[in-house]
Amino acid sequence: MEITSPSFKKNVHKALRDEQLQQAMRHVRSNFIQKRAAAADALPEFEALRDNARDIKNHVLENLDLYLERFESKVTENGGHVHWAATASDARGMVLDICRRVNAKSVTKGKSMISEEMELNGFLEKYGITPVETDLGEYIIQLRGEHPSHIIAPSVHVTMNQVRDDFRKAHTHLPKDRPMDEPESLLKEARAILRQKFMEADVGITGANFLIAETGTSIIVTNEGNGDLTQSLPRVHIVLASLEKVVPTLEDMSQIMRVLARSATGQEMSVYTTLSTGPRRASDPDGPDEYHVILLDNGRSNMLGTEFQDMLRCIRCGACLNHCPVYHAIGGHAYGWVYPGPMGSVLSPALAGIEKTANLPNASTFCGRCEEVCPMRIPLPKMLRHWREKEFEKHLTPPAQRRNLKLWAWFAKRPGLYRTGSRVAMRMLSLMGGSKKRLRKLPFAGAWTEDRDLPAPEGGSFVSQWNAGRRT
Amino acid sequence: MADEIGSRDAILSRIRSQAATKPQAERMADVEARISSHKRGILPAGPRSLIKRVERFTQKAEAAQSTVAQVSPPKLAKAVSEWLREHNLPAEIRIGQDPRLSPLKKSGAKLMTVNSGKADPADITGVSFAECGIAESGTIAMLSGKANPTTLNFVPENHITIVNESDILSHYEELWPRLRRRFGRGKMPRTVNFITGPSRSADIEQTLILGAHGPVRHHIIIVKGA
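Residue numbers (numbering that gives the first Met the number 0), protein chains in the order written: chain B, 0 to 471; chain S, 0 to 225.
Simulated from the structure, these hints should not be mistaken for lab results.
Built from N, CA and C at the ideal position, the CB exists for glycine as well.
Some clues are possibly wrong.
[Said to hold, decoys possible] In silico lysine-lysine, DSBU-like type, Cα no more than 30 Å apart, as pairs: (1) K117/S to K196/B; (2) K168/B to K13/B; (3) K440/B to K405/B; (4) K34/B to K51/S; (5) K389/B to K412/B; (6) K77/S to K104/S; (7) K125/B to K104/B; (8) K223/S to K117/S; (9) K381/B to K21/S; (10) K412/B to K9/B; (11) K117/S to K104/B; (12) K145/S to K105/S; (13) K389/B to K8/B; (14) K440/B to K412/B; (15) K440/B to K13/B; (16) K435/B to K13/B; (17) K389/B to K109/S; (18) K145/S to K196/B; (19) K355/B to K405/B; (20) K117/S to K187/B; (21) K393/B to K355/B.
[As the list claims (entries may be wrong)] Among chain S residues calculated to face chain B with C-beta under 7 Å, some are: (22) I14; (23) R15; (24) Q17; (25) R26; (26) Q58; (27) N87; (28) P148; (29) T149; (30) M187; (31) R189; (32) R199; (33) E204; (34) H212; (35) G213.
[Said to hold, decoys possible] Derived DEER-like restraints, expressed as beta-carbon distance ranges: (36) S282/B to P43/S: 32 to 40 Å; (37) T3/B to S48/S: 36 to 44 Å; (38) E46/B to S35/S: 43 to 51 Å.
Using the sequences plus the hints, can you model the full thing?
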């Protein structure tokens with residue numbers, strides 16, 4: 000997809016004024032947080048499982064080459080094919096080659112964030128192949144010509160009324176006066192339409208939540224069952240996976256599985272966890288004749304051995320998005336590339352370049368909730384800070400901001416002056432806040448107060464409170 | 000088209016030079032040991048006795064919106080046909096060739112139409128025999144093959160899975176040694192499906208609705224004493 004992260008500030012401005020979006024985002028704030036907390040609390044071993052999940056992935060990353068080689072040899076042994084793609088454009092070329100060889104006209108797709116990285120849908124269309132997204136949320140946004148705004152709930156920014164309008168426009172063969180007032184009727188309509196697509200498809204493309212080195216198995220986790228219809232009905236199954244998805248054994252996968260669904264949707268287990276190994280066997284009555292795994296690098300191997308290596312532990316549960324106050328306020332599209340929220344603000348600069356994404360690491364209050372809930376214990380705030388450092392080193396920060404930072408640093412190095420200055424500033428702000436103790440406008444920081452009030456400072460500064468003996 | 004072998008080698012050598020913290024020989028030995036050890040990690044505490052395990056399995060499966068019944072072996076066919084009637088469904092099922100399903104073909108033939116083979120788009124109810132149940136999450140595991148074709152798990156609107164009581168395990172990790180014994184180390188059937196409840200989606204305003212693309216109903220029949 001075209002990257003709009005450079006205009007992040009403009010995107011945010013738009014998002015904050017988008018009433019439909021703001022209405023839709025309310026569901027994220029209330030739903031996901033509660034459900035995850037309940038699921039985590041219900042499992043006494045949850046914290047220990049998080050530690051173990053982290054350790055498994057750390058071990059994998061230190062031996063990633065060997066586990067990938069083993070995975071490849073097992074896939075081949077089972078009659079499947081592994082393709083290594085250095086870039087997104089290599090990977091989509093590989094998909095096209097397979098589709099052309101089998102003369103594919105229609106391709107069904109299970110949910111895959113990598114296919115967004117690859118810009119696969121537009122690419123296939125250009126070559127006369129029709130891609131059909133089958134996850135309900137993905138189907139909705141495909142109709143709308145949009146990209147996912149959340150990594151596990153791609154249409155979270157869309158309201159039911161909008162879905163109804165989209166279905167009316169797209170499904171013109173259905174009676175105009177059909178009942179469409181309940182989400183149930185909309186789901187039924189999509190189910191019937193996509194059933195037909197599943198049956199017609201020549202190739203099914205899925206993502207992968209895990210790859211298992213021991214057996215050459217790829218795994219998808221879904222609630223709808225769309226991934227399974229995608230991969231078991233057509234003649235060809237293509238798996239799109241990034242390098243870091245591999246784990247050593249079935250046991251290791253079982254460990255991480257326990258933290259995945261709980262962190263994502265608050266379920267103990269998603270409805271369907273499907274392990275696929277090679278194409279159908281000679282005696283199998285169903286399943287695909289061909290099984291391909293495309294392993295995509297696209298910048299990930301360059302993260303190894305750097306301060307961003309830990310990011311490769313990510314299992315794409317979405318918990319950091321669900322708990323992020325910035326994500327809640329602006330939704331996923333404002334981030335401007337494939338991966339939104341805290342994980343995206345760390346990953347996007349690594350994959351798409353900090354030059355285009357320099358705004359993203361700043362889109363954080365450093366409240367730390369993302370790290371608190373990350374099942375893989377990825378130190379997201381720390382890595383966001385690393386990116387801010389790089390941003391500054393590369394002179395990507397706007398000149399005014401650099402000047403102000405330098406000014407602040409000058410004061411910070413002179414504690415006496417700093418304290419006096421901040422005392423005066425606090426008193427002034429406090430006076431300006433008036434009886435409501437809020438500032439609706441702030442000189443030199445008009446952008447900050449455009450969408451919110453600044454609470455006027457109350458009480459003493461941190462240092463004065465500390466000196467007064469308030470140390471807890 | 001990219002040179003696939005070239006990019007394979009380039010990716011692997013980049014990983015090797017950036018990630019490896021130990022000598023190659025040591026890493027190879029580590030990886031070999033890790034893969035063959037099948038280390039289990041942390042298993043959540045759960046009931047030990049079979050009775051309690053079946054209870055936990057039932058409670059968890061129901062929490063995931065499956066329905067669960069227990070029957071003795073001779074009543075299996077009747078349990079299936081009664082469930083169909085209760086839900087106003089046609090007395091017709093599709094099954095695979097699993098010998099454990101033969102009661103459905105024999106005594107079931109008088110009660111309902113029994114079709115054999117992989118799923119047909121017109122099928123309304125599929126019946127399959129599960130490899131095992133997993134008590135910790137109320138999950139059932141299905142293996143692909145002609146005994147229980149994978150499409151039966153997804154294509155029909157209703158899915159009935161039958162599981163022997165003694166096959167109800169505590170954790171996912173207990174399934175893997177069974178598969179290694181049956182298929183060989185490092186071998187798997189084409190598909191293993193873990194299924195926990197009927198299909199669902201919350202993609203429209205986060206409202207959970209059952210019956211997205213897979214089955215709308217998921218019924219589990221536990222065969223007692225088997």
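Exercise. Hint by hint, which ones does the structure fall short of?
Worked result: Hint check: 10, 17, 26, 27, 37, 38 fail, others pass.
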